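> Now for the letters of each chain:
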Amino acid sequence: MPRLALKSLPGLSLGALLAVSVLSSAQAQNANQSATDEIAKYRQMLADGNPAELWEMRGQELWQKKLGPNQQSLEQCDLGKGPGVTKGAYAELPRYFKDTNKVMDLEQRLMHCRMSLQGLTREQAVKTPFGSAGNPSDIEALVSFLTAESRGIKLAISTKHPAEKQAYEIGKKIFYYRAGSHDFSCASCHSVEGQRIRMQDLPNLNNKANAQAAYSTWPAYRVSQGEVRTMQHRLNDCFRQQRFPAPDYASDSITALTMFLAKSADGAVMNAPALKR
Amino acid sequence: MKNLRVHHASVLLAAIFSTAVVAAEPDYAKAALEMMKADFKSKGPATMERMVQQDEAQAQCSANPQGLKPKQAKKLEQAQLAAVKYPADAQYMGDWKNGEKIAQNGRGMQSSDAVGSVNGGNCYACHQMSKAEISFGNIGPSLYQYGKLRGSSPEIVKYTWGKLYNAQAYNACSKMPRFGHNGVLTEEQLKDVMALLLDVESPVNK
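In order, the protein sequences belong to chains W and Z.
Note that my numbering numbers the first sequence so that position 128 is 128, with each residue one more than the last.
Numbers in my numbering are just positions in the second sequence, counted from 1, shifted up by 277.
Simulated from the structure, these hints should not be mistaken for laboratory data.
Treat each hint with caution, since some may be false.
As the list claims (entries may be wrong) - Dumping the calculated EDC-like pairs for lysine to aspartate or glutamate here, alpha-carbon to alpha-carbon at most 16 Å:
hint : chain 1 : residue 1 : chain 2 : residue 2
1    : Z       : 320       : W       : 248
2    : Z       : 318       : W       : 248
3    : Z       : 435       : Z       : 333
4    : Z       : 307       : W       : 169
Said to hold, decoys possible - Stretch by stretch, here's where chain Z covers chain W in the computed footprint (C-beta under 8 Å, at least three residues):
hint : segment
5    : 52–58
6    : 61–71
7    : 76–87
8    : 186–194
9    : 234–247
Said to hold, decoys possible - Computed, partial: chain W to chain Z, Cβ under 10 Å:
hint : residue
10   : 117
11   : 120
12   : 126
13   : 202
14   : 208
Please read these numbers as outputs of a predicted model, since none were measured by experiment.
Beta carbons are placed, not taken as given, at the ideal position from N, Cα and C, and that holds for glycine.
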């Protein structure tokens with residue numbers, strides 16, 4: 001059960017505080033290091049209370065609540081470890097599911113359960129994948145709850161099933177696929193050690209330790225956005241900056257790429273939802 | 278005897294056939310492309326056409342993420358260099374002040390940008406340029422004092438234009454966008470960036 005330790009720390013004003021302190025310290029000689037340090041300080045400050053806990057709690061309520069035309073909860077949803085097993089399920093996703101005969105990531109599976117158990121239409125099940133002020137996302141809340149259920153558990157990603165192997169290999173091809181007006185691929189920014197865009201550090205996803213640190217900390221509460229953002233949201237924004245067209249929500253391409261990233265981070269101890277800039 | 282020979286031949290054939298089947302890796306690149314075609318949608322200036330139809334450089338660099346072989350790289354560089362368009366009026370230098378704005382601007386060609394909006398060059402995303410701008414990336418080398426260190430001989434001017442126009446003319450599979458070749462920056466804008474790099478008054482050379 002997530003703790004609520006945020007009584008007097010509204011995220012917004014803390015975000016503003018952080019922005020100010022980053023700006024002023026940016027004037028110092030070693031600006032690039034300072035920005036990273038400030039985030040680390042902020043993380044420490046909130047060590048016992050990440051705003052993401054509010055999303056986790058709401059997600060748990062949504063998981064247990066009878067909803068949809070069938071008035072069913074999601075408690076019988078099979079995330080791969082059997083109906084109703086949430087503990088550690090995320091740490092083994094994406095994976096092959098026999099009932100749908102395909103590899104699914106958490107959000108595809110969640111969509112499947114909301115349709116098959118609760119009777120939602122596809123349109124209803126993919127509504128508001130990303131929240132904004134005044135328009136919260138049920139999906140982000142559910143994903144927060146379910147990833148938190150794997151906190152402290154090691155990623156154990158299988159590529160044994162031919163469909164899993166196929167998803168991994170396709171994801172790898174997508175990672176290296178250069179195209180568009182700027183010739184970018186994911187690898188353009190994420191395949192060399194110690195690189196930055198402006199002052200933003202970029203993880204080298206070909207380096208196991210980097211890949212693990214990155215993957216195990218999504219979803220995350222984004223201080224700059226005041227929202228919990230999922231891996232899918234991160235990938236969407238990468239594709240936007242890559243000058244690629246927009247990927248469909250919960251599409252197989254996203255699952256394949258997620259499979260490649262998850263496998264690259266295999267063995268990492270999950271620590272999400274985390275806290276990020 | 279005859280039967281045996283036939284049998285022998287068919288075993289041999291079967292062996293060849295099965296080796297071929299085992300050796301053939303599925304074409305994951307093709308599968309990835311088909312998947313992306315189905316899953317992505319054009320949005321704003323970021324079109325499906327530009328994602329799906331790779332040119333020679335994009336195709337070769339995607340297929341060889343660890344880099345091209347020297348011969349293949351040379352060939353690609355020659356083809357890219359041959360496609361560089363130099364200014365018809367032989368005027369290479371614009372206004373460094375506009376160049377600085379272009380270097381700071383990270384917008385353009387993203388799915389979130391308006392169609393037909395002015396594109397930036399976003400040089401600072403990857404390069405150190407001037408002393409004053411401390412928020413710079415390091416994917417590319419520092420360009421601080423670019424002109425001061427190199428001068429502005431006709432050779433340097435022509436090389437710099439070529440590099441901005443098409444970085445892969447000199448470095449196959451460079452991560453730098455081909456700003457002229459891909460129509461990201463106009464000839465006017467490229468001239469302004471040239472001035473930012475080479476003009477003695479530019480903050481890059483202070």
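> Decide, hint by hint, whether the structure agrees.
Here is what the structure says about each hint:
Between residue 320 of chain Z and residue 248 of chain W, the direct Cα distance comes to roughly 11 Å. Compliance with the 16 Å bound is thereby established for this hinted pair. Using a Cα cut-off of 16 Å, the hinted pair residue 318 of chain Z and residue 248 of chain W holds, with the two alpha carbons roughly 7 Å apart. Pair hint residue 435 of chain Z plus residue 333 of chain Z does not hold up; C-alpha atoms about 24 Å apart against a cutoff of 16 Å. Between residue 307 of chain Z and residue 169 of chain W the alpha-carbon distance is near 11 Å, which keeps this suggested pair within the 16 Å criterion.
Only residues whose C-beta sits within less than 8 Å of a C-beta in chain Z count toward coverage, and the segment 52–58 of chain W has 0 of them, not enough to reach three; the restraint is violated. Residue count for the segment 61–71 of chain W with a Cβ under 8 Å from a Cβ of chain Z: 0. That is fewer than the three needed, and the coverage hint is violated. With a cut-off of 8 Å between beta carbons, the segment 76–87 of chain W has 0 residues touching chain Z; three or more are needed, and the interface restraint is violated. By the rule of at least three residues with a Cβ nearer than 8 Å to a Cβ of chain Z, the coverage given for the segment 186–194 of chain W holds, with 6 such residues.
Here's how the segment 234–247 of chain W fares: 8 of its residues keep a CB closer than 8 Å to some CB of chain Z, so the rule of at least three is met and the hint holds. A hinted interface residue such as residue 117 of chain W counts as satisfied when its beta carbon comes closer than 10 Å to some beta carbon of chain Z; here the least separation is about 25 Å, so the hint is violated. Given the 10 Å rule on beta carbons, the hint for residue 120 of chain W is violated: about 21 Å separates it from the nearest Cβ of chain Z. At its closest, the beta carbon of residue 126 of chain W sits 13 Å from a beta carbon of chain Z; the interface hint therefore is violated under the 10 Å criterion.
A hinted interface residue such as residue 202 of chain W counts as satisfied when its beta carbon comes closer than 10 Å to some beta carbon of chain Z; here the least separation is about 8 Å, so the hint holds. Among the interface hints, the one on residue 208 of chain W is violated; its C-beta lies about 17 Å from the nearest C-beta in chain Z, farther than the 10 Å criterion.
Figure legend: structure checked against the earlier numbered hints; hints not met, in rising order: 3, 5, 6, 7, 10, 11, 12 and 14.
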